[in-house]
Structures are given as structure tokens and as C-alpha cells.
Amino acid sequence: MQIQIMQDVLQANDAKAAELKTLLNEKNILMINIISSPGSGKTTLLEKTLPALSSKFKIAVIEGDVETDRDAQRLDHYGVPVSLINTCGSCHLESVSIEKALSVLDLDNLDLIIVENVGNLVCPAEFDIGEDHKIAILSTPEGDDKALKYPLLFQEAALALLNKIDLLEHTDFNKDTFYADLKKLSPNLQVLEISCKKQIGLENWYAWLEEKILAKKGSNP
Amino acid sequence: MHEFSIMQNLLKIIEKEAKANSLSKVNGITVKIGKLRQVVPEFIEFAFATIAKDTIADGAKLNIESIPITIHCEKCNKDYPVIEDTYTCPDCDSLDIKVITGKEIILASIEGDQ
Numbered sequence: 548m549q550i551q552i553m554q555d556v557l558q559a560n561d562a563k564a565a566e567l568k569t570l571l572n573e574k575n576i577l578m579i580n581i582i583s584s585p586g587s588g589k590t591t592l593l594e595k596t597l598p599a600l601s602s603k604f605k606i607a608v609i610e611g612d613v614e615t616d617r618d619a620q621r622l623d624h625y626g627v628p629v630s631l632i633n634t635c636g637s638c639h640l641e642s643v644s645i646e647k648a649l650s651v652l653d654l655d656n657l658d659l660i661i662v663e664n665v666g667n668l669v670c671p672a673e674f675d676i677g678e679d680h681k682i683a684i685l686s687t688p689e690g691d692d693k694a695l696k697y698p699l700l701f702q703e704a705a706l707a708l709l710n711k712i713d714l715l716e717h718t719d720f721n722k723d724t725f726y727a728d729l730k731k732l733s734p735n736l737q738v739l740e741i742s743c744k745k746q747i748g749l750e751n752w753y754a755w756l757e758e759k760i761l762a763k764k765g766s767n768p
Numbered sequence: 020m021h022e023f024s025i026m027q028n029l030l031k032i033i034e035k036e037a038k039a040n041s042l043s044k045v046n047g048i049t050v051k052i053g054k055l056r057q058v059v060p061e062f063i064e065f066a067f068a069t070i071a072k073d074t075i076a077d078g079a080k081l082n083i084e085s086i087p088i089t090i091h092c093e094k095c096n097k098d099y100p101v102i103e104d105t106y107t108c109p110d111c112d113s114l115d116i117k118v119i120t121g122k123e124i125i126l127a128s129i130e131g132d133q
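One line per chain: the protein sequences are A and B, in this order.
When you read off a place in the first sequence, starting at 1, and then add 547, the result is the number in this note's numbering.
When you read off a place in the second sequence, starting at 1, and then add 19, the result is the number in this note's numbering.
In short, the hints are calculated from the structure, not lab data.
Every value quoted in this text rests on a predicted model; they were computed, and no experiment measured them.
Think of the CB as a built atom: it goes at the ideal place given N, C-alpha and C, for glycine as much as any other residue.
There is no bait here: all hints are sound.
Chain B stretches covered by chain A per the calculated footprint, using a threshold of three residues with CB under 8 Å from any CB of chain A:
1) 25–38
2) 52–59
3) 101–107
4) 118–126
Calculated pairs, EDC-like style, for lysine to aspartate or glutamate (alpha carbon to alpha carbon, straight line, at most 16 Å):
5) A:Lys-696 - B:Glu-103
6) A:Lys-759 - A:Asp-658
7) A:Lys-731 - B:Asp-104
With the rest of the complex left out, here is chain B (with noise of 0.2 Å):
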């Protein structure tokens, strides 16, 4: 269910942004969407496709991008890769790390006919 409310939001900015570079139409959709997520990429498509029935981006296709989990050591003061789950350093095995990018939902970009 949070797929439709993260497609609504996402929805209102392609609105806007169509509106402000003067598409008529909307054809495709580029998302960047975090492995923390846990969003499903079939939900994610099939709530898009629904809401954006009768809109401006009716049909549009939509790309999903993962962006893989990292994590950066404070210790080392150097980025990981996330590896089977595991949110210590792999250096050092410090516990101090921050979680810098599998967050996201991003737009992209879009791509439409004048």
C-alpha cells in the first residue's frame, strides 16, 4: 500500500515538472529507488499504471534504478558496500557508520513530447 502514496507524491512533481517544461505528454519515467526500500518493483509499477490513469503520464513507462545500500565508517572515513547485512565496518569492525546511501526514492527524470 505505501507504493500508491509513494506514487502519488511522485506523480504531483512529473505534474509539475511536465507543466513547467510544456509536455503534452509524458512517455517515460526514470526512478531511483533504494534497496532499504523494500519496494517492490511489480507494486511500484502496477500503482504508477493506476494512478497515472486519465493524467498527463497515462501509459508512460516507468524505469526502475536500485541504488545499492553504503555505509560509511567514521574510523576509517571510507565508504562499504553493504554484504550479506551486515552494518559494521568491514575494516575495522567499528559500529560507528552511518548509513549513506539505500534510502532513496528519487525521480529522475522524465522524458515526454512537447
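Just chain A, same shape as in the assembly (with noise of 0.2 Å):
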């Protein structure tokens, strides 16, 4: 017999995320997740931000890594609290393993946390995780094809970081045809190119996060 049935296979996963997503709109928290490959600089970027908001904001971490805790020991200096995540060779963090990492931070103490999901361009962008925003990191060396190979995360996320753009005239990476691929992919995505390591344009991400976590507290005074 054929049994007729029609579910959304990752409605777990999503609505674990939608009760997040709940449980932070009325903690007034802002959350973002930040997605890229392997090597893109999550961590430096983190490394760059804590420093740059933390007198202003109070700041979490959420550290989603494969095996080690090489990134938290990373972040270890900041003074901002780190959550981590090993996800035991899983290639990206589920909202159920999020709810674990919420559990231990002070959550009527923050303004922001961050989630530095595991290094992929795939499967992070699949599983919402009860964020408000993704945020696509995509670094020169690693090409001006990855939009069109990655589609998806450059259409979910909210705001896209062009890193390593010092190293631009060293690599094969052609601005005009990133630019021209993401305009027809996602017409509506900003881009903001940075260096971490040259600190070049980092007060732009510094003031989009900023008006983020402030139309956030905001929302509901």
C-alpha cells in the first residue's frame, strides 16, 4: 500500500530554530551566523570584531567546530564568553545543538551572539539554526566562481564579506565577475570587501553589525 504523506523533512530542525529564534526576540539578543570554508577567516574576523564592540556590547560566542578547540582557545583572550560546539565530524551546526551552547550563556546579559558555524560552504546554509542573519564570508584566494557554485548561502545570507581583498592582485580573482554573478544570483545582497589581517574597511562590518544589534534592542523596549 502507498501512504501519502507530504512533510518537510528538516521541520525538526526548523522549528527547534523558530522556538530560538522566539526565545532571543524576546531577550532582544541579535544573532548571526557567519558561514564560509575552511581558511575564509571566521576566527580572524571574530578575533578583529571582539576587540573592536565588545566596550559597547555584550558579546557571546558560539564556536561550532569539527574536532578541536582550537578556534575557542583562539577566542579564549577576549573575554567574551565561548560556547562550543564539537559537532564530531558533522559539517554544520542543527538548532538543537545551538539550544545546548544557548543553554549555558547569560542570556539577559547579551546584545549579540555569534555563531561561527564549521568551515563549508554546502551544508551550513541548509539548517536554519534560529538566526537573524547569515552572514557569507568568501576570501579572494578561494576564487569568484563560489556564488554560482554555492548558490544557496549567498541567496540566504543578509550581508556578504569579500575578505583577504589585499591579497586581490596575488590571485586569479575577478571582482567584475563576482560582482556580475551576484547580480543576477542575489540582486539584493550587500557586499563589504575587507582585509582582517590589513584591517581595510572592517569600520564598515563594525557599523552594519552595530546598527543591526541596535534595531534589535530597540524592537522591543
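Got two chains here, separate frames each, mind docking them using the hints?
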């Protein structure tokens, strides 16, 4: 016998994500989900962002790492709580693991939670974790074809950071191709060109983030 | 790897539905997957066969139906298929569009013996 079902397979994850989103909305906490390939500069971006914004805002980090606590160690000296999730081989974070990570954070005393997802351009884009915004990072040495190759991330993202812009002349990355592809694929996506190493363009990123934090804080006075 | 995670979720729903319909064996499963999901059919089949081993769906045939990507233009109030990765309105060039299909992962039906 055949049984018609028509059920969304990721419903369990999405339902949990919606629950977390409601909780964070009640607490006026902005949560961003940073997604990129390994080595694009997620942890380095946090190493710049935490000292730049931690005097103004109360920040926590949820660190997704496949095996180690190395990224969490790198962030240890910045005086913000870091909640580590070891995915034990899994390629992305899901909302159930975020719920656990949130349970050890003081949600009455936070403005911003930065989730550093597992380094991967495909899978993390598939799973909502209750975040307000997904942020995509792409670095110039990875090549200008990545938006077309990984369309879901660049469509889901609220902002893309084009990192390692200082290395542009040493790579084959063609900015015209990249922007032309994005214009087709995700015409409303905002892109900021940055270099974490050389401190280029980071003030634009801080300003973007600050505006979102303040909007969230003011959303439910 | 996300194929495994998706298949684990799928198997949970299959087991629940099989129980609710008093099936003793599940022989076939039809899933509909949107093209934006970047799920590789071979991986899905392999992941499913691995995860379903020694369950009610062990050895079941997995049929995968692909759902094309379509967008809705808010200005024209019309739906269009996405051609060549272009997510602007083909009629009016508007950027004010929404992706309406292409992101689904749906368990459509199961087939089995009572």
C-alpha cells in the first residue's frame, strides 16, 4: 500500500530554530550565523570584531568546530563567553546543538551572539539555527566562481564579506565576474570588501553590525 | 555529510508513519528535493541505504524527484522558472522577487506491506 505523507524533512530542525528565534527576540539579542569555507577568515574576523565592539556591547560566541577547541582557544583572551560545540565530524550546526550552547549563556545579559559555523559552504546554509542573519565570508584566493557554485548560501545571506581583499592582485579573482554573478543570483545582497589582516574595510562591517544590534535592542523596549 | 543528517530526519518520519499505518515493511520511498538544496542523489541513496540498515526501511527503493527553482515577481505578481541562475524578473527586471520553490526537502510518500 502507498501512503501519501508530504512532510518537510527538516521540519524538526526548523521548528526548533523558530523556538530559539522567539526566545532571542524576547531577550532582544541579535544572533548572526557566520558561514564560509575553512580558512576564509571566520575566526580572524572574530579576533578583530570582539575587541572592537566588546566595550559597547555584551557579546558571546558559539563556536562550531568539527574536532578541536583550537578556534575557541584563539578567542579565549577577549573576555567574552565562548560556548564550544564539537560536531564530531558533522559538517554543520543544527538548532538542537545551538539550544544546548545557549543554555550555558546568560541570555539576560547579552546584546549579540556570534555563531561561527563549521567551515563549509554547502551544509551550514541548509540548516536554520534561529539566527537573525546569515553572513557569508568569501576570500579572494578561493576564486570568483564560488557564489555560482554555492548559490543557496549567497541567497540566504544578509551580507557577504569579501575577505583578503589585500591579496586580490596575487590571485585570479575577478571582481567584475564576482559582482556580475551576484547581481544575477542574489541581486539584493550587500557586499563589503575587507581584509582582516590588513585592517581594511572593517569599520564598515562594525557599522553594519552595530546598526543591526541597536535595531534589535530597540525592537522590543 | 549533510546527506546523512537529512536522511536521519527522513528515517524518523518514515518510522513514525509506518507505525501509524501498521506497516511491517517499507519497500519504497519518494522524496522531492528542490534544486537549490545541492543534495547529490548518489550520496542520498548511499546515506539512506546505510542509515536504513536493520530498520523497517532496510533495502527500500528511494525515488528522488527534483523540484525546479521558481521565483515570484512582486511587481508583475507572476511566477517564473529560474533560467541560468538569474534571480531577477525576466519581464520587468525587478529585483523584488521571492524564491517560491527549489528549497524543499519533502517526504512525499512511502510504499509498504501491512
